[in-house]
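Line order of the protein sequences matches chains A and C.
The numbers in the first sequence follow the working numbering, run straight up by one, and end at 571.
The numbers in the second sequence follow the working numbering, run straight up by one, and end at 571.
Keep in mind that the hints were calculated from the coordinates and are not lab data.
Incorrect hints may appear among the rest.
The list treats identical chains as interchangeable, and a pair is accepted whether it falls inside one copy or across any two copies.
Result set (DSS-like, lysine-lysine): computed pairs, CA atoms no more than 25 Å apart in a straight line [stated by the list, open to error]:
#1 568 x 26
#2 134 x 261
#3 299 x 384
#4 161 x 261
#5 26 x 323
#6 128 x 261
#7 163 x 261
#8 323 x 124
#9 323 x 128
#10 173 x 89
#11 134 x 323
#12 26 x 261
#13 323 x 161
#14 128 x 510
The structure presented is a predicted model; accordingly, all values stated were derived computationally and were not measured.
Protein chains: 2
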Amino acid sequence: MSTLASQLQQMECHQSVFENEVRKLPLPVCRIFGAEHQPSAVSFTATGQVLSTRDAQAVAERFAQTVKASGNAVLRASATVARVSGKRVAALFSGGPAAGGHNVLCGLKKMLGADNTLLGVKGGPKGLLQGKLFEITEADAANILNTGGFDFLGTDRTKIKTPEQFDQVRKVCIEHQLDAIVIIGGDDSNTNAALLAEFLYSGIKADGSGVQVIGAPKTIDGDLQVPGLLPISFGFDTATRIYAELTGNILQDTRSSLKYWHFVKLMGRSASHVTLEVALQTKPAVTLISEEVAERKLSLDAVVDVIAQAVISRFRAHGHKHGLVLVPEGLIEFIPEMNALIAELNDVLALHAEGFAAAAADARIEFVASRLGAANATLLRKLPAYVVDMLLAERDSHGNLQVSLIPTEQLLIDLTRDRLKAIAPDVPFGSQHHFFGYEGRCGAPTLFDAAYTFNLGLTAGALILAGKTGYMASISGLENGGEPLAIPLTGLINIERRHGKDEYVIEKALVRTSQPAMQYFVSRREAWAADDVFASPGPRQLWGPAAHQMPMTVALNEGAASLLFKIGA
Amino acid sequence: MSTLASQLQQMECHQSVFENEVRKLPLPVCRIFGAEHQPSAVSFTATGQVLSTRDAQAVAERFAQTVKASGNAVLRASATVARVSGKRVAALFSGGPAAGGHNVLCGLKKMLGADNTLLGVKGGPKGLLQGKLFEITEADAANILNTGGFDFLGTDRTKIKTPEQFDQVRKVCIEHQLDAIVIIGGDDSNTNAALLAEFLYSGIKADGSGVQVIGAPKTIDGDLQVPGLLPISFGFDTATRIYAELTGNILQDTRSSLKYWHFVKLMGRSASHVTLEVALQTKPAVTLISEEVAERKLSLDAVVDVIAQAVISRFRAHGHKHGLVLVPEGLIEFIPEMNALIAELNDVLALHAEGFAAAAADARIEFVASRLGAANATLLRKLPAYVVDMLLAERDSHGNLQVSLIPTEQLLIDLTRDRLKAIAPDVPFGSQHHFFGYEGRCGAPTLFDAAYTFNLGLTAGALILAGKTGYMASISGLENGGEPLAIPLTGLINIERRHGKDEYVIEKALVRTSQPAMQYFVSRREAWAADDVFASPGPRQLWGPAAHQMPMTVALNEGAASLLFKIGA
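The shape of chain A in the complex, shown without the other chains (with noise of 0.2 Å):
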């Protein structure tokens, strides 16, 4: 074999050229724990900030152990402490993955060190019940060091819930002689750490005593994130500068092609955090924000006349033939017309499941207009016929509509052309779509992502010396070398309505209007359609100038002075 062929062969599993350069990167640390490859433990103490929802009351009752215990204060790591030794911690992926998960375990790692056990649970929370635990050692730790993905342990979406789920859990600990569980992941797994927690807070182990659960907060979303506490769930800007390269990309493809308008759809069906970064970071002619579009009541038409107005606008002034929409993945449930068409299609398609089944194939949009309300039976008859059968295709095992499968760049760029050809038909409109998702979860981490998640594994390692449980690990002080904080997990949760039943939950954080990052984006967006004044944030850098970056939108929400992050001294 030539000299080469063995060089490419040595490169298979996760030994690239970057992989193998990027596991050498030093990544800082809080001032707090002193040093990367020796951090201390600290010890935590009181901000003064206490937490409360609306629920405050009836959480209090539910999670009477684990409130009793935190008060719900926040907590600051405060000082450096002597180590315990001898803890057993199960750390598990929860949910969709994201990049900087396996740094969240390189962090516990460096901090349990080894006079503690960090043990790996295969497959996430399923595999918690399965009781798949393997040891961690420190090559392994080394191996995953700054890769992206969930693919070290793998994850699922199982949540924990029932009686006998909890004891399943409960035989695992005791079998597994556990004494912590690290669950990373969004705002539901973050919720399922609190039930857990409160469930684990004692009687668990030979000596009466419990299991701590600590919660670190994932989801590219960016939904999970609490003013002040929690600058943003880690993920969030690795997916989002990854999506923002490839729309920048687009962007110049546009100006250099001079022929389509590209549609660009956005993961995140409940928040558009994700759709708002991207517009900072590149620009576009029109970015549609699924929380503005419901709190300002757009019909689906006026929504497709913010379109068609730009692709009028830029043609008239300028000749152009190009440009570019954002669209967040979820638009069409925040559009309160299609909402209310959604949710009265939900209540006529289980009340009719054997008539609509029963009914042929092309009578069944009749069947089910027939049936609906006035209003939305004229929308639904107007809507192109692939997004009907979509809006009555199976549900998902909640009942709901799987709204990921609605092509809603294919019907925006529809309806932009009817409407175009009505209004204006000598304005050219060609066009492309694209949806970015998948791509952007496991990405190797941003230097940012790097560099906070294992700073949160850290501080979950530090809470769990500290004995502490029923806490989401963060850090705050960005531009500042970075504070680790404890947020009580159950003054995050409120009650929510669920398919006819309350259940606790970890609100997600919506796109406000009066955030300003949303002021900001509101004050430029005309400038943006009316010509191209786009830039292009190219690759994420993990070497050089251009390496040190925190996300816009948080950068603006938290007022920070500039976009760099500061971590550590």
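With the hints as your guide, set chain C onto chain A.
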């Protein structure tokens, strides 16, 4: 306005953190050019290699003046020479954009210096016909250095073919007092450059002299390459690194989420170089190479069988429910039975256009099938409706099927699912699909493409100063400092029968199964299919230890000792 808001506003119009930093990145130049900021003019002498194609005789007649002048001899830069001054040179982009085009302009500008004039042509060959020329300043060049896309000038796909068009070019040359034109484009555009070089060879200017024409080899598809002389067209490295990053991200997602087979279609209708390069970078379970499918005369069923067997064996051996399949965009046309069907459909649809148009929508398939040979009729009837719709859809202006509209990835998913149901119904098969195309054409160039294109621009400029015409600039010796070459365009030209007419063409370089890159791939693919051994090449780096890398296919095919490229000292 806050400090941060004003910083963000200053990033509009190509002033992102990355763009501002990458403009300062030093670029290496081939030794003979001396220094990046003051490159030397050079003379060119024969390498001793003379090119010949099977149609050399006819080409020598059609291109009498340029063949006589060049003797089809390959030239190398041989010595630094005194600068020529006063030349007026126009440069244009032709065809689809590719990363590095801006740097060709920057290299040209540097070589021409202040004592010659570089003009840019807006909007490609069409802009040349319309005389849309303007002077490119040093400030312009500094502003576009190392940025992606063709957006500084724009591009289009007009072919200059008719006598009227050639005459129009002559007029523009006279009006703008041009001494030379640089055409930055792919195989067709360089064929056009050869035709223009011949047409403009003499008798254009008042003194009877001609206008020089030099080509620069661009195309992300990588199908413009000449073994030993032109290692690769520019833009290929950047596009494949972008696709490989995304594919690597998705591979990590497959092993993180543990539930899907992802089918990734990659741009490249004629050749599978892009797919082969991405496969070498990422090592997915299954990679289809169009040229191999054609050579082995695989049926659609046989292609599906390759995928189905990988799905089954990975599940049986490891319980894997995940994997990734790479599919070249042009695959369908390389499957002999599909190619035969498409060819007969083209004929039948052309012959029976009226009857077809008059047929009812649901009668159209039978209208066509009844006019096909038995084998083609059978194949057409068993394809899914959405593929048949595309096969019967409107032809392009040449009467050809628009292959990019066929959802090959979806077709393979559906046929694989059907196959699995028939032969292994217990094997789970969830799927997702992607098409990466526009994302990769206008990204910021890799360090390889940035350096390669800057040196292509220097070489093109040096050829103009040396009075040469009818050559394509190239850089060989990528491991050893880089050697500027001039390839006589007529030495690459053959005659091809297109739409019933003989046309002069530079044949596209397809993947050959005898190439080292293909042989290495074949030697490893069984191991890649058996279990996850993928690597994730990560985002391309412009700074730091992971920045200096050439394409794997190029390194293998050129017999390089490593992936490191080395231009300059």
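Status of each hint after checking the structure:
1. 568 x 26: both (20 Å within a copy, 24 Å between copies)
2. 134 x 261: Classified as between; 18 Å across copies, 54 Å inside a copy.
3. 299 x 384: within (19 Å within a copy, 47 Å between copies)
4. 161 x 261: between (48 Å within a copy, 17 Å between copies)
5. 26 x 323: For residue 26 and residue 323, the Cα distance exceeds 25 Å both inside one copy (47 Å) and across copies (32 Å).
6. 128 x 261: between (49 Å within a copy, 14 Å between copies)
7. 163 x 261: between (53 Å within a copy, 22 Å between copies)
8. 323 x 124: Classified as between; 15 Å across copies, 51 Å inside a copy.
9. 323 x 128: between (51 Å within a copy, 16 Å between copies)
10. 173 x 89: within (18 Å within a copy, 84 Å between copies)
11. 134 x 323: between (56 Å within a copy, 18 Å between copies)
12. 26 x 261: neither (44 Å within a copy, 31 Å between copies)
13. 323 x 161: between (48 Å within a copy, 21 Å between copies)
14. 128 x 510: Within. Shortest intra-copy distance 24 Å satisfies the 25 Å Cα cut-off; inter-copy 52 Å does not.
Hints 5 and 12 from the list above are not met by this structure, while the remaining hints are.
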